[in-house]
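Keeping their order, the protein sequence lines are chains A and B. The opening residue of the first sequence carries number 13 in this note's numbering; numbering runs sequentially from there. The opening residue of the second sequence carries number 17 in this note's numbering; numbering runs sequentially from there.
What the hints contain is simulated information worked out from the structure, not anything from laboratory work. Backbone N, C-alpha and C fix where the C-beta goes; we use that ideal spot for every residue, glycine too. Do not rely on the hints blindly, as some may be mistaken.
For the chain A half of the interface with chain B, some residues (derived, Cβ under 10 Å), not all of them [unchecked claim]:
no., residue
1, 46
2, 55
3, 78
4, 143
Computed cross-link-like contacts, SDA-like style, restricted to lysine to any residue with a CA-CA straight-line distance of at most 25 Å [what the hints assert, rightly or not]:
no., chain 1, residue 1, chain 2, residue 2
5, B, 368, A, 51
6, B, 91, A, 178
7, B, 368, A, 40
8, A, 72, B, 357
9, B, 368, A, 39
10, B, 368, A, 43
11, A, 72, A, 85
12, B, 372, A, 85
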Amino acid sequence: MSRPGAPRPSARAGYVRKQYWNEPEMGWWERAYLFEILRGLGITGGVFLRNLGRWMTGRKGALTTYYPEETRPDYAAGNRGKHVLTQRPDGRPQCVACNLCATVCPARVIEIEAAFDLDDPAHPKSPTSFTIDYSRCVFCGLCVEACPEDAIRMDPAVPNLPSADRLSMWLARQELLEWKPALDPAKRYPASRATAEGAR
Amino acid sequence: MIQDLVVYALYIGYAIAVLMTFGLVLTWVERKQAAVMSDRIGANRAYLRIPFTQVRLVCWGLFHGMADGIKMLLKEDFKPRPYDWYAYMVAPWVVFTPVLLVFAVIPFGGTLVPAQFVPALADWFGDRSYPMQIARLDAGLLIVFAFGGVSVIGAMLAGWSSSNKFSLLGALRAGSQMISYELVLGLTLLGLILIYGTVDLDDIVRQQSGTIAGLPAWGIVYQPFAATLFLAAAIAENKRIPFDLPEAESELISGYFTEYSAMKMGLFMFAEFIEIAIIAALFATLFLGGYNLPYMHDGGFAFPGGLAIEMSHRAVVVTQVVVFLAKVFLLCSFQILIRWSLPRFRYDQVLKFAWKFMFPLALANLVVTVLVVWAVNA
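Just chain A, with the same shape it has in the complex:
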């Protein structure tokens, strides 16, 4: 019986196959428990004292954030956060109430009620109510992809979403139209598209 770490005889003479195996051997130092335990306690205690010192001198001694009072500044640019309803130049939503987003939504959190406006023959259909239940939203972004009118987008940030009360997590049309994202200034009628339509 050979030891597990010993090289095995190979078919090719002279070739010794390398064994990537660490012998699980502990010396008397490790087996005496105490010294290695003290070393470990030194590491954890050192981290504790360092962080405690930071807290006590008014600095932050943690890597985590005090959410939701404090949010991380380094959200990815493509992070899917709170929804934005884009607007036409006159301020009405660009949404045509086609219900594609509500249909594709896997969590079924979007509720749309449509209305007709015969004074605007180009866009006769628009939502009177557009509600998203953020207590169930999974932030998958399928609604954004499904929208044929670029009427719904997702901002990287999630301001004011956390709540202690489920009923206050239903956000209605007005909030989705009018909240001001800090990072996305382009909450306007898409200029490229407007010029394209104007040229046609």
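Please arrange chain B on chain A, whose structure you already have, making use of the hints.
What follows is chain B alone, placed relative to chain A:
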């Protein structure tokens, strides 16, 4: 007679208040220290709102202990159909009560002379003096072990009466583990008893205010090895990580108190946290000079260079009480540091560790101590 009653009622009230406060605060300290050790923020949500204002007192989450207590009191008190209803109901108290009783023999200060401490009552108290200890028993240390041995009965009762396989497994583990480590605990202290020649805890503390070769004559100076073994065995006795096999949550849910809910479960948790404080108090008393600062005795300081500082009785009493609490708190914090640094043993490793590692070491320590004491005395 009335004076004695008043003083001892005060002592008992103080002891209960201190233990309850430690039990409550340690739940918070444990969370917060674990968080700070691992670069997190930790408990920070529970707050008290000052009535009629929007001012919220968060105090670094200090009120989480209170929130815990209220939650435990208000939760549904689930009752399984246990095999033995009476044992089921009595088990938490069998665990909880001895933990409190141990504190009765631990001295938390030197001698109190009420006539000097409160001069207004000098006539009433006369020249009475009281050791600051609830029960000055000459069998102090033996009482500690007697009560420490009782709490295993509570764990066994809880596990047996729950009629749950996990509880029973936890109780069996608790039984074998606590009995093994009880032995080691006793053996480590035998050396100390030999050196001090007494089991009276107050006497042990008084002997520690002397000096040995310029160092304070603390137990940890005489018996550093026994101190380490004692701390390890005491943590095992308290069933905390790395020895928390009886309640290993990944294997046994909660071990012997799986079937307990609401405040009955809270009693088990509370007993565990108070026992942290008790272990710290015992360790401070036996190995770290108890309520005294180095070179301090009931009259003030006497440094080895011949320098002596006289202190008033009032200053001495206040210093001793504060020093004892500070030592206990630091040792509690050290135990929590251990708990959040080390992984759990496997069950066979725990028993092997007790019988094949700590038991021979404790015996060897005892033999060496006996030989040295014999050589010195002869």
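These are the hints, each one checked on the structure:
no., hint, in the structure
1, 46, "7 Å, holds"
2, 55, "8 Å, holds"
3, 78, "6 Å, holds"
4, 143, "29 Å, violated"
5, 368/B - 51/A, "23 Å, holds"
6, 91/B - 178/A, "23 Å, holds"
7, 368/B - 40/A, "17 Å, holds"
8, 72/A - 357/B, "22 Å, holds"
9, 368/B - 39/A, "19 Å, holds"
10, 368/B - 43/A, "13 Å, holds"
11, 72/A - 85/A, "15 Å, holds"
12, 372/B - 85/A, "55 Å, violated"
Of the numbered hints listed earlier, those contradicted by the structure are 4, 12.
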